[in-house]
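As you go down the protein sequences, you meet chains A, B and C in turn.
Residue numbers for the first sequence follow our numbering, beginning at 1 and rising by one.
Residue numbers for the second sequence follow our numbering, beginning at 285 and rising by one.
Residue numbers for the third sequence follow our numbering, beginning at 628 and rising by one.
Check the hints yourself; a few may be wrong.
[Said to hold, decoys possible] No farther apart than 27 angstroms at their CA atoms in a straight line, the calculated lysine-lysine pairs in the DSSO-like style are these:
1. C:Lys631 to A:Lys179
2. C:Lys795 to B:Lys387
3. B:Lys358 to B:Lys341
4. C:Lys847 to C:Lys691
5. B:Lys341 to A:Lys9
6. B:Lys387 to B:Lys508
7. C:Lys814 to A:Lys35
8. C:Lys814 to B:Lys412
No lab work stands behind these hints, which were simulated from the structure alone.
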Amino acid sequence: MKTLTRLSKEALVALPMASLVSVFLLWPALTVVFKSFVSDSGFRLDSISRALSGTYQQSFLLSTQLSMTTAIIGGVIGFYLAVIVDRMKPSSKIRSATQAWSAVASQMGGVPLAFAFFAILGTQGIATHILRNFGIDLTEMGLTLSSFWGWVFVYLYFQVPLMFLIVSPALSAMKPSWKEGAHSLGASSSNYWLRVALPILFPVLITGALLLFVNAFSAYATVYALSSSGGQLVPLQIRFILQGNVITGEEDLGYALVTVTMGLLALAMISIQVLQRRFARWLA
Amino acid sequence: MSDISLIGVTKNFGNETALNDFSLSVPQGQLVSLLGPSGCGKTTALRLIAGFLEPTKGEILVGGFDVTQIPAAKRGFGMVFQSYSLFPHLTAEENIQFGLKLKRVGRSSVVKRTQELLELTAMTEHRKKYPHQLSGGQQQRIALARALATEPKLLLLDEPLSALDAAVRDQLRTEIRNLQKISGVTTIFVTHDQQEALSISDQVAVMSNGRIEQLGTPEEIYTKPQSAFVAEFVGTNNRISAQKKTGTLWSVLNHLVIGPKAGKTGTAYLRPEELSLVKGDTFTVTSKTYQGSFTRVQVASSTETLQIDLNSNQSGKFAIGAKVDVKLNRNDPLIVTEERNSK
Amino acid sequence: MKSKFVSNIFAIFFGAALVSYFFLPLLAMGRFAFQVTPVINLTWDNLFEGWKFDSITRALLNPKVLETATLTGGLTLLTIFITLLALLPIATFVEVARPGWKPWLTAVTILPWIIPPVALVVGVAATFRPFAPWFLSNPLSLSFFYAIWMLPFSYRAIAGQLSMIGAKTLFEASQSLGASTLSFFFKVLLPNIRNSLTVATLLIVAAVTGEFTFAALLLKQTFPVYLIDLQSEDVRSGYALALLVIVATAVLLSFVTSSLRKRGGQFNAIGV
Chain A
1 MKTLTRLSKE ALVALPMASL VSVFLLWPAL TVVFKSFVSD SGFRLDSISR
51 ALSGTYQQSF LLSTQLSMTT AIIGGVIGFY LAVIVDRMKP SSKIRSATQA
101 WSAVASQMGG VPLAFAFFAI LGTQGIATHI LRNFGIDLTE MGLTLSSFWG
151 WVFVYLYFQV PLMFLIVSPA LSAMKPSWKE GAHSLGASSS NYWLRVALPI
201 LFPVLITGAL LLFVNAFSAY ATVYALSSSG GQLVPLQIRF ILQGNVITGE
251 EDLGYALVTV TMGLLALAMI SIQVLQRRFA RWLA
Chain B
285 MSDISLIGVT KNFGNETALN DFSLSVPQGQ LVSLLGPSGC GKTTALRLIA
335 GFLEPTKGEI LVGGFDVTQI PAAKRGFGMV FQSYSLFPHL TAEENIQFGL
385 KLKRVGRSSV VKRTQELLEL TAMTEHRKKY PHQLSGGQQQ RIALARALAT
435 EPKLLLLDEP LSALDAAVRD QLRTEIRNLQ KISGVTTIFV THDQQEALSI
485 SDQVAVMSNG RIEQLGTPEE IYTKPQSAFV AEFVGTNNRI SAQKKTGTLW
535 SVLNHLVIGP KAGKTGTAYL RPEELSLVKG DTFTVTSKTY QGSFTRVQVA
585 SSTETLQIDL NSNQSGKFAI GAKVDVKLNR NDPLIVTEER NSK
Chain C
628 MKSKFVSNIF AIFFGAALVS YFFLPLLAMG RFAFQVTPVI NLTWDNLFEG
678 WKFDSITRAL LNPKVLETAT LTGGLTLLTI FITLLALLPI ATFVEVARPG
728 WKPWLTAVTI LPWIIPPVAL VVGVAATFRP FAPWFLSNPL SLSFFYAIWM
778 LPFSYRAIAG QLSMIGAKTL FEASQSLGAS TLSFFFKVLL PNIRNSLTVA
828 TLLIVAAVTG EFTFAALLLK QTFPVYLIDL QSEDVRSGYA LALLVIVATA
878 VLLSFVTSSL RKRGGQFNAI GV
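Bound-form chain A, shown alone:
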């Protein structure tokens, strides 16, 4: 009897979370995956294969390229920023300002971000205008907000702060005694970084890059607001097909696209978990 009341208490504690997650996360995800393999005519794989070929294959490639590029560039810049800030005193105003701003900027996306970049680099943008006065035409150079590198430039706005926020705690957990120990053994600063710091930080860096990848891949609002040619990216493809939801009659394709996306992102997240375990050992 005692175990029964205890079990029901445990169930009560888990209930809110369990119901939230089941109804709004697990069930919808499973439904969509299920529907990508099963339709009225039974089990089929052709939706998935369609999702992986032709224009959709291009979409996945484009999305992956964009995500990887912003993950790597954003990762490097964010990491370097974290390194610089970590050197400052904890009470430094720059340090706290950077942390606060990163929290804001990492959540920024979509509409406000697009506006901001339109205002500066769009066709009516002030920087575009100024550069034109100096004879530099960005449109001619293909560096507009509708181009790949334009998107990369915009995505960095939230990718860099995100990387900063991920890496900073790890950097503060690095013991100064490691650095001092390395120096006392004759290591120069670059030696220290190459042989001691980077190997230790490696899991966190890869985790950060992977998270940036995941973050970029799923980004929808930003590109939606930025340009029409963004329609080639996977999230927008999915939206286009599943929009209205009945008329196109091609929902299975939409579901299949979602399933493939989930598979890709799941792979990334599993890699992160594996790395987390290694990381925890070193910095515990």
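Once you have looked at the hints, place chains B and C on chain A.
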């Protein structure tokens, strides 16, 4: 204030047995230490008493009353933890008052009792400080005060000194003992430090592998260990080979001593202060370490090396390289035979 | 040392570049919102002409703005409530009594990063339409999606602080003093996780005030969604308002985090 008994308590974690048929009776007002290496089950025993764990088998009685099924929050025991357990968001004073306020004790009584405890732990001037503003030793004093505030039936201490500096540790353990004597609360003290256990306990239960190896006063544990484990865990030892002569007579270093009836050969345990030196020829002095009031002299023969504690004045007689004989100061040391572990 | 000097100089340039990158676009937004002269006509001479701040007053007086802002405000509060209701019991329980469950709980809170918002909307719609069509037609239903979406961040912040304060020992200590679980929760636990609760709340505020995807997919007119419409009617108002929101969020966050720091707490927004 109550006495406490554990009767046949066994605790299993999956396939592992942390406590095996553990029985202990602690009379009211006594301080009993559970002493042993990590993994011996002492903390498990304490947590069973506290109610954080449920026994797989057995009963726990407090004041004759079976508390085994009673949840921890209702057992009315005070507890001090190893890792600091003070509530960070409350001042020292507020921490102490926590239990009293839960019991809806009247305002003036709360103030009075808090003041009492602050004085007893000499922490009055720190009453308004937050835990992070206090040193480790100070935090543990407040933790102790907090535990005693509600006049619990039992005080449980889970290695409260292990995380502190040596100097603080020594002082604090005396304070704990004093407080315990003043309040008269039955106390169980878990530690792996034998010096701690010996210096403050009424009784010591030496534990190993989920069982009590020996229960006795500190003196009994030290001078009359009943097994090799207890002898080795507490204090320093010399292990000297022993040969049976006849009946219960054994020979250790050419001395006749009383030993177990069974067995033919064994190991005798003698402490450094239970041996002394005279001029002779069986051993050579190899080193002398000055320890203040006594000097530890190491002597070696072709077969054994022994540590002997001598009064520093006397030790002057024996220089390094001197030839000596070793004499026993007692005739009933612990002898452990090859087959069994008892005397 | 020369190399230290070089790396310091580099760091300064790097910092300057980053500051420009992050703030020039915002300045451009301001210029666009508050300077009437169209970009094409701008020359170095008329740079300081045509500055009017009516765009922001127009925006703030726009009834639709108030309406959608109220909705977004309500969504924020509801999201915070749902998040805390779902997370606090289980996170505390796992930290105090079932540490073995932690990896599983962490894994669950990571799922929102794997599952695209589109999938969630479509899946939920398919489920609710036959049973309770009114649910999704109420704009407040967005808060459930938001709670899920912010789960990785909220969970990490809260779980991080729970483990930092040694919640398990605190629980046992409070039990030894006679506290019930509820007493412990309200008298000991909550006061000591104030920092992470604040961080989680702030992140939710920042996120919800900019969230577009879920709202657009479910055809709800939240504040960010309306911003796009406003921009097509009255460009400068739209920009002015967007800028205001960004600045307000940044100010709020930095104010709160600096007062958290003063109280001696640690600030860790992600702690992945």
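Status of the hints after comparison with the structure:
Restraint check for Lys631 of chain C and Lys179 of chain A: satisfied, since their Cα atoms lie roughly 15 angstroms apart, inside the 27 angstroms limit. A hinted pair counts as satisfied when its Cα atoms are at most 27 angstroms apart, and Lys795 of chain C with Lys387 of chain B qualifies at roughly 22 angstroms. Restraint check for Lys358 of chain B and Lys341 of chain B: the C-alpha separation of about 21 angstroms stays at or below 27 angstroms, so the hint holds. For the given pair, Lys847 of chain C sits about 13 angstroms from Lys691 of chain C by alpha-carbon distance, which is consistent with the 27 angstroms threshold.
At roughly 24 angstroms between alpha-carbon atoms, Lys341 of chain B and Lys9 of chain A fall within 27 angstroms of each other, so this suggested pair holds. As the CA atoms of Lys387 of chain B and Lys508 of chain B are separated by approximately 46 angstroms, the hinted pair breaks the 27 angstroms bound. A hinted pair counts as satisfied when its Cα atoms are at most 27 angstroms apart, and Lys814 of chain C with Lys35 of chain A does not qualify at roughly 48 angstroms. Only pairs whose Cα atoms come within 27 angstroms are accepted, and Lys814 of chain C paired with Lys412 of chain B is accepted, the gap being roughly 19 angstroms.
Hint check: violations occur at hints 6 and 7; the rest are consistent with the structure.
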